[in-house]
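Numbering-wise (the numbering used here), the sequence shown opens with residue 1 and increments by one.
I should point out that these hints are in silico values taken from the structure, not numbers from a laboratory.
Careful, some of the hints might be misleading.
Cβ-Cβ distance ranges computed for the label pairs, FRET-style [what the hints assert, rightly or not]: (1) D74 with T30: 30 to 36 Å; (2) H170 with H50: 18 to 24 Å; (3) Y166 with L97: 27 to 33 Å; (4) L72 with R142: 26 to 32 Å; (5) G168 with N94: 36 to 42 Å.
Using 20 Å as the maximum straight-line C-alpha spacing, the simulated SDA-like pairs for lysine to any residue come out as follows [stated by the list, open to error]: (6) K96 with E43; (7) K96 with M62; (8) K66 with R42; (9) K96 with P36; (10) K96 with D47; (11) K96 with W124; (12) K66 with H50; (13) K96 with A121; (14) K66 with P54; (15) K66 with G83; (16) K66 with E43; (17) K96 with I23; (18) K96 with E45; (19) K96 with R42; (20) K66 with M82; (21) K96 with R44; (22) K66 with A121; (23) K96 with R35; (24) K66 with R44; (25) K66 with D122; (26) K96 with P54; (27) K96 with E46; (28) K96 with W22.
Values in this document were obtained by computation on a predicted structure and should not be read as measured data.
Ideal placement from N, C-alpha and C gives every residue a C-beta, glycine not left out.
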Amino acid sequence: MSDIPHARDDTGPVEKLDGSHWIESLTDGTQVLIRPLREEDREREEDFIHRLSPESRRLRFMGGFKEASPALVDQLMDVDYMGHMAFVALAHDNGKLREVGVSRYSATDEPGHCECAVTVADDWRERGLGVLLMGRLIEQARQNGYRQMISLDAADNEAMRDLADYLGFHRRLDPLDPSQAIHTLEL
1 MSDIPHARDD TGPVEKLDGS HWIESLTDGT QVLIRPLREE DREREEDFIH RLSPESRRLR
61 FMGGFKEASP ALVDQLMDVD YMGHMAFVAL AHDNGKLREV GVSRYSATDE PGHCECAVTV
121 ADDWRERGLG VLLMGRLIEQ ARQNGYRQMI SLDAADNEAM RDLADYLGFH RRLDPLDPSQ
181 AIHTLEL
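Start from the sequences, fold in the hints, and give me the full structure.
Right under this line is the structure:
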């Protein structure tokens, strides 16, 4: 039995299921389930990180590693739906539900501000998944009262630069470290 409910043909690109789960169509017509990250997703999250190319891990985590440490996975799985939020995109892959993308934010020390990140599996890029995941995240941050979202990224991360620009983030190089870019969105 599938964990992803089937969308009807007449629903258009998005079928909202219950307020926290959505079936979304990517630009190529492929459907994914987007929902909040749950503790039961721990193994999927570990597998997702493991499947990322070394370059994707470098860009996402601002450094390289071969395997995610248990402490890193614990940090990524720490979701309380207010100060720490994450949405996963799930799709069927050879009969198994696979994580193909994730967006997340964490509150910063500055009241009303949160830091965000988005990662899409290498084989799922260029299909609009990052835009969909960030859209859900931005909407949730607004609902939770955040006024500003920032993303700290490698300055050479062209995919994030393009996504941030598309979503309306303002970009500047970090004055203390020009190898980093700071993307800021007023919510």
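Right, here's what the structure says about each hint:
no.	hint	in the structure
1	D74 with T30: 30 to 36 Å	holds, 31 Å
2	H170 with H50: 18 to 24 Å	violated, 34 Å
3	Y166 with L97: 27 to 33 Å	holds, 28 Å
4	L72 with R142: 26 to 32 Å	holds, 28 Å
5	G168 with N94: 36 to 42 Å	holds, 37 Å
6	K96 with E43	holds, 12 Å
7	K96 with M62	violated, 30 Å
8	K66 with R42	holds, 18 Å
9	K96 with P36	holds, 19 Å
10	K96 with D47	holds, 12 Å
11	K96 with W124	holds, 16 Å
12	K66 with H50	holds, 8 Å
13	K96 with A121	holds, 16 Å
14	K66 with P54	holds, 8 Å
15	K66 with G83	violated, 29 Å
16	K66 with E43	holds, 16 Å
17	K96 with I23	holds, 17 Å
18	K96 with E45	holds, 14 Å
19	K96 with R42	holds, 15 Å
20	K66 with M82	violated, 31 Å
21	K96 with R44	holds, 10 Å
22	K66 with A121	holds, 16 Å
23	K96 with R35	holds, 17 Å
24	K66 with R44	holds, 17 Å
25	K66 with D122	holds, 16 Å
26	K96 with P54	violated, 24 Å
27	K96 with E46	holds, 15 Å
28	K96 with W22	holds, 19 Å
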